Amino acid sequence: MKRKAFIGLIILSLCFVVGGIYITAGMNRVVSKLQDIILLQQMHSQRKTLVEKIKEVQTDLLLKDSPHAVNFDTFVQHGEEMAETLNGCFSCHDHPVNPLGEKIGKLRLILEAYQGKLSRVYTLRANSKRLGDAKKNAYDAGEDLQHAIGRIFLKADIQIAERTAQAQLSIAATRKLFIVLVTLGPFFVLLVSAYFFGHFTRGVKVLATAFSKIQEGDLEYRIAAKMDDEFRHLADAFNNMGRSLKEQCRRVESIQQRYRMLFESAADSIFIMEAEGEEAGRIISANKAAADAHGYSVEELTGMHIRDLDDPVVATKIPGRIRRILNGEWIKEVVLHRKKDGTFFPMEISAGLLEYDGNRYVLAFDRDITERVKADEALQRSRQLAMVGEMAAGLAHEIKNPLAGIKVSIEILAEELDLGQEDKEVFLRIIQEVNRLENLVKNLLNYARPPKPHFELVDLNMLLANSVKNTQVVLKSPNHFADLKKGILFLTELSPELPPIHADASQLQQVFLNLLLNGIDAIAESGTITVHSSLDQAGSIQVVIKDNGRGFDEEGLQKAFQPFFTTKSKGTGLGLAISKRLVEQHKGHVELTSSKGEGSAFTITLAVKQDNEVFIQ
Amino acid sequence: MPLNTTICRKDILNPVWCLLLFFLLVGCSDQQEGMPSAQNEGKATLRIGLIPEIDIFSQKKRYEPLVKYLGGKLGVVVELKILSRYGNILNNFAADGLDGAFFGSFTGALAFKKLGVTPLARPEDKKGISTYYGMVFVRKDSHIKSAEDMKGKRCAFVDKATTAGWLLPLHFFLELGIEDYQHWFAETYFTGTHDNAIYDVLNSKADIGAAKNTVFNRLAAKDSRLREELEILSTSMPVPENALLVRPGLDESLVAELKKILLGMDQDPEGKEILAQFGAARFIETMAADYQVVLDFAEHIGLDMTNYNDDNN
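Chains as they are written, first to last, in this note's numbering: chain G, 1 to 617; chain C, 1001 to 1313.
Be aware that one or more of the hints could be misleading.
What the hints assert, rightly or not - For the chain G half of the interface with chain C, some residues (derived, Cβ under 8 Å), not all of them: (1) Ala83; (2) Leu124; (3) Ala126.
Stated by the list, open to error - One side of the interface only, derived from the structure: several residues of chain G facing chain C at Cβ under 7 Å: (4) Phe72; (5) Val76; (6) Gly79; (7) Gln115; (8) Gly116; (9) Ser119; (10) Arg120; (11) Tyr122; (12) Thr123; (13) Arg125; (14) Arg130.
In case anyone wonders, no lab produced these hints; they're calculated from the structure. Because the structure is a prediction, the values reported are computed rather than measured. Where is the CB? At the ideal position from N, CA and C, for every residue including glycine.
So that you can see chain G by itself, here it is in the shape it has in the complex (with noise of 0.2 Å):
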């Protein structure tokens, strides 16, 4: 375009200089051939007033001694001026108009032979024939210089003529020129200026469009059309912003997606609040962390106080933690909120100040750790029963031995001394709780430090049935008397695709056991006990032992596992503890589903092969 522009200019540029040149030169030639015709025209005037002067000087001859004769001095002056007429003839002898130049030079010497004789008329002193003879002379001569100039000019006036006529032709043309070249020049110059114009402007309304277009948000926008020179780089450049933009833009909106997928997601609750100005503290942004935490939707969330969420202690504190934020620091704390329900739950927050756009606001990472608390509190009580257990095991350790001196010795008592019926009766109960001390201690010590299992592959569904089995045998012990009593249905529904699995299976009995007789002791006259087993899709083997005894209430439920937790009258609090903790010895887990007076239902899920480790143990 530059160039094109360039080009442009050059050709107005010689246009105009050619134009003005040739009007120029259009004009000196009109006036060149004016000054021809007006020094012709002159010439002409001239001759004429040389003729009229040569006439003067004729009648001043004619005249001469006559009454009318004109004195000297006049006669002289008639022909000079006769003579200067002839010499303004002479001026234009060099001019390349006079087309006589050469004859008009040889007036010059018939002029000075007139005059000669003109002087000889007025000087001589003779007789009356010299004298006539000398007018005469002088008259003639006369006559043939006008005659001479008669001839010449009669030359010259076709000559002028036609130099007339040329000129006037000329000027005529150079008219026309003049009239095309002002009617045209400014046409031709509209038609160059308008299409370099057209050209340009097309090209700035091509790139004013494709920039709305990008202004409007069409990134996908590209000049298609075909354009030149520097506009074809202006919309290659265009084009490569547009690709550019867009890219950028996709990044940008794959960077913002990202981070709204990750504020999105969170699993911790993510508020963004003011953090200056009386609105400090206003939700600007949470996610949906934050407002299933608390129990909001995001939208009812946003516009909301953090003060609305804290617990009203901890709110009075919020614009002491909003300065120290300010200030640069990154707090972190652990607070009570409040959901929309009222319940408070603990959450750590991790606050600090973030920047953005020109402002300040408070990021704000919060996490619910309520579960991490009850983790927390069941770890320490376990850590407490641990100790506990450590305590009983040691103590029953230290009553183990006494007591097996005190039951030996009641029992050598018992039978060396006579004693009555009601002494020995004493003596039969002594011996029963300090035999029931030793179960409860070896309880005790089983489930402080439960044997390490040995295992050995098994086959579950046999170790069931023979668990079934021994139970029953069980119920028909004296100390189960009153259970038999009761109308037990077991029932067993064995998988017969169990493949044998590693475990001990003397501890597995033992769980089994225990369960089948909780399940006994839950059942208040009948009802039914059902072993169940199976293997599930992730290849690991569940055994239910489901009861429809009276069931657990919800603390009942919460506590059954809990050692020392019973609902027995003479239970030890110990025997789900235990079985819980045999089960997950071997990397398994015992649930309890329960319902009140609807039964329960204990499922041990157990993998079939332990680990290496465990397995050499």
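Following the hints, position chain C against chain G.
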């Protein structure tokens, strides 16, 4: 074809024509404003008379540059008045209000005697000659040598108030024994100018002629026939060349300045150029005594200079 009919009215009214005519008229107007009459308005005028040494137009033309130069240097307007006759200059000197004149040697001598004019200066050529002499000549083919040969012939004098054109041939004829020339010759007349006398003989309008050598030489330089076809029978003694003499009573300072300018012309480049055109190398001072030779010569041939009648009739 008449010019005014070829330029139609439409063309005359054409703006370009009008513009050019305007400039032409303006140019003419400017030229008129620069005319001498306007420039010379208010200046003193010095009128200088001129004798028709050659034809009156050529003579006036020859002296015009010189008097223009003098007028420019003096700051006055110098007017040239050509006279139809040598003798007229004496008769009309006072009547024409002349302040001075370039007199011939004879008219100078007469004017000195009759008018009491003061001689100022006369030209000197490149050879240092400030005199001329008279010549009597005939055509070579006329074979005129002696008085006898001249008898019945036509004789052309210049003017009775010329040295070369009258006094000298008269003396020559006397020496030849022709005492009554009017009867000796078939016809005598006065051409009035030296050139006419020369050309009358050359063109056989006269058989014998007399003129001054300076005019003869100037004409012969342009026309070789003069030397080829004319024969000079006699020459005279030299007399002073035509000199400028001023009237008595003319402002002495002006006279002194005029003389100074004339004598210093050869030192002035412009004056030098004018002198070259005039055919002289410089002007030299002319004294009254320089004309004594003419007076002596006139007396020798018996002319009464005091009561001399220069009527050519």
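Hint by hint, here is what the structure shows:
Look at Ala83 of chain G: its Cβ gets to within about 7 Å of chain C, closer than 8 Å, so that hint holds up. Interface hint status for Leu124 of chain G: upheld, as the beta-carbon distance to the closest one in chain C is roughly 5 Å, under 8 Å. This hint holds: Ala126 of chain G has a C-beta 3 Å from the nearest C-beta of chain C, less than the 8 Å allowed. Proximity of Phe72 of chain G to chain C holds as hinted, the smallest CB-CB distance being about 5 Å (cut-off 7 Å).
The beta carbon of Val76 of chain G is positioned within 7 Å of a beta carbon in chain C (closest approach about 6 Å), and the interface hint is therefore held. For Gly79 of chain G, the interface hint holds, the least distance from its beta-carbon to any beta-carbon of chain C being 6 Å, beneath 7 Å. Residue-level restraint check for Gln115 of chain G holds (minimum Cβ-Cβ distance to chain C is 4 Å; threshold 7 Å). Satisfaction of the interface hint for Gly116 of chain G is found here, the shortest Cβ-Cβ separation to chain C being roughly 5 Å, below the 7 Å cut-off.
Taking 7 Å as the C-beta contact cut-off toward chain C, the hint placing Ser119 of chain G at the interface holds, the least distance being around 3 Å. Here the hint on Arg120 of chain G is kept, as its CB sits about 5 Å from the closest CB of chain C, short of 7 Å. Below 7 Å, beta-carbon pairs count as interface contacts, and Tyr122 of chain G has one with chain C at about 5 Å; its hint therefore holds. Interface restraint check for Thr123 of chain G: the shortest CB-CB distance to chain C comes to about 2 Å, inside 7 Å, so the restraint holds.
Using the Cβ-Cβ criterion of 7 Å, the hint placing Arg125 of chain G at the interface with chain C is satisfied: the shortest such distance is roughly 4 Å. Given the 7 Å rule on beta carbons, the hint for Arg130 of chain G holds: about 6 Å separates it from the nearest Cβ of chain C.
Checked against the numbered hints above, the structure violates none of them.
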